[in-house]
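Protein chains: 2
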Amino acid sequence: MYLRYLEDLDGRGQLTASSDELAQLCGTTPAQVRKDLSFFGSFGKRGLGYPVHELTAHLREILGLEHEWKVIIVGAGKIGAALANYRGFRQRGFTVVGVYDNDPRKVGTPWGESVVRSMDQLDHDVAHEEVRMAVLAIPSENAQQVVDLLVRAGIRAILNFAPAQIAVPPQVSLQSVNMAMELERLSFELTHGESIQAVAG
Amino acid sequence: MYLRYLEDLDGRGQLTASSDELAQLCGTTPAQVRKDLSFFGSFGKRGLGYPVHELTAHLREILGLEHEWKVIIVGAGKIGAALANYRGFRQRGFTVVGVYDNDPRKVGTPWGESVVRSMDQLDHDVAHEEVRMAVLAIPSENAQQVVDLLVRAGIRAILNFAPAQIAVPPQVSLQSVNMAMELERLSFELTHGESIQAVAG
DNA sequence: CTACCTTTGTGAAGAATTTCACAAGCCCAA
DNA sequence: TTGGGCTTGTGAAATTCTTCACAAAGGTAG
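In order, the protein sequence lines correspond to chains A and B.
Following this note's numbering, the residues of the first sequence are numbered contiguously, the last one being 201.
Following this note's numbering, the residues of the second sequence are numbered contiguously, the last one being 201.
Hints were generated in silico from the structure; no laboratory data involved.
Some hints could be false.
[To be verified] Dumping the calculated BS3-like pairs for lysine-lysine here, alpha-carbon to alpha-carbon at most 27 Å:
{"id": "1", "chain 1": "B", "residue 1": "Lys70", "chain 2": "A", "residue 2": "Lys78"}
{"id": "2", "chain 1": "B", "residue 1": "Lys35", "chain 2": "B", "residue 2": "Lys45"}
{"id": "3", "chain 1": "B", "residue 1": "Lys78", "chain 2": "A", "residue 2": "Lys78"}
{"id": "4", "chain 1": "B", "residue 1": "Lys106", "chain 2": "B", "residue 2": "Lys78"}
{"id": "5", "chain 1": "A", "residue 1": "Lys106", "chain 2": "B", "residue 2": "Lys78"}
{"id": "6", "chain 1": "B", "residue 1": "Lys78", "chain 2": "A", "residue 2": "Lys70"}
{"id": "7", "chain 1": "A", "residue 1": "Lys78", "chain 2": "B", "residue 2": "Lys106"}
{"id": "8", "chain 1": "A", "residue 1": "Lys78", "chain 2": "A", "residue 2": "Lys45"}
None of these values were measured; they are calculated from a predicted model.
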């Protein structure tokens, strides 16, 4: 989140930002900002604040964003389509190198500059293109099965949009986005009125 | 998350579940399960566990899911399309009652059994249909502007997919899903190898 | 009815996170 | 060069969250 705002400030030509300013932007406290950043190093200058451009670069490196990541999308349905064209991915250094589906009617249909590929190719492609990340946009039913296949193929990080609970071996990272659960969270907050304070997202 | 698993167990006809069993399913500890549930009441039976069906009903009520929620989708692009057809929403009691866009070329085009409506109608529709929730699937540029419009129209909860930071008045709930940020989290975990333990999602 | 096995609910202990508060350091102006 | 105004980095305090551990209670078999 800090990176997001710092890039913004950097784009506007702002040279430094104080913990106070970052805290206001991110909806947290100055002390929190300082503690968070100090975990990774001592980036600020006393009396002046943090050098925006430099800190941006540091955070990019910490997050492992100094190089492009190749990503495959598994599932050529509506959600897959939306994600494949999602500007935010490319903007932030994630390149979609392939879209896969196991429905023979979808395999071969055009997809941007490429075509939807068969799952059978996945193993080969991941090995040859050194892809490490996959976005999973398939129905829940066989999500675990497909994840196992991805892991065997060498995928090391999975962003899962299927509303299913998935197990992965410890060396594989998994992030699940469950859109229905997000709505349920809102339902809870609406139902319980002002007594619950929403967290900044 | 508990609700998700309990519904699953209920569907399979399981009558009771111990905190141990729920903990294993959710990737947490029995003590955590008991503390979490005890916050809302005393649902279990000693020596036996929690009554699955009954607890499911309790959690639904706690989350405010005992009635249907009407939801509008703002933005008739790829993401809007994916969300409007998302089975998970309807399955869990969220009914999409309208899709809106401010692009005159999109307004009026067919959308499922309805058509894409103009943003100008939104005010009127929200008031008459008593809609309280909106899903925001538009580009970041004018996200804040559209949110302000939604809030004025009476929307009280917003699920935001635009990769922008949005401000809302305190009585409005906001959840943001930032897909690029999720990938960045994975990038961080991959970059820092096994030293970081992924959280269950 | 009793003995025993099981599992909850919950204070207390322990761990982690956040906030406080201030010395140390940087910049600038005179 | 000195002094004053800011702001960081960080131990220590305060708070919050998680785990422990056990009394209380339901179930069952004999």
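Okay, the hints, checked on the actual structure:
1. B:Lys70 x A:Lys78: With a Cα-Cα distance of about 22 Å, the restraint between lysine 70 of chain B and lysine 78 of chain A holds, given a limit of 27 Å.
2. B:Lys35 x B:Lys45: 15 Å, holds
3. B:Lys78 x A:Lys78: 8 Å, holds
4. B:Lys106 x B:Lys78: 12 Å, holds
5. A:Lys106 x B:Lys78: Holds: lysine 106 of chain A and lysine 78 of chain B sit about 18 Å apart, inside 27 Å.
6. B:Lys78 x A:Lys70: 22 Å, holds
7. A:Lys78 x B:Lys106: 18 Å, holds
8. A:Lys78 x A:Lys45: Roughly 48 Å separates the two Cα atoms, so the pair is violated.
The structure fails hint 8 only (numbered hints given earlier).
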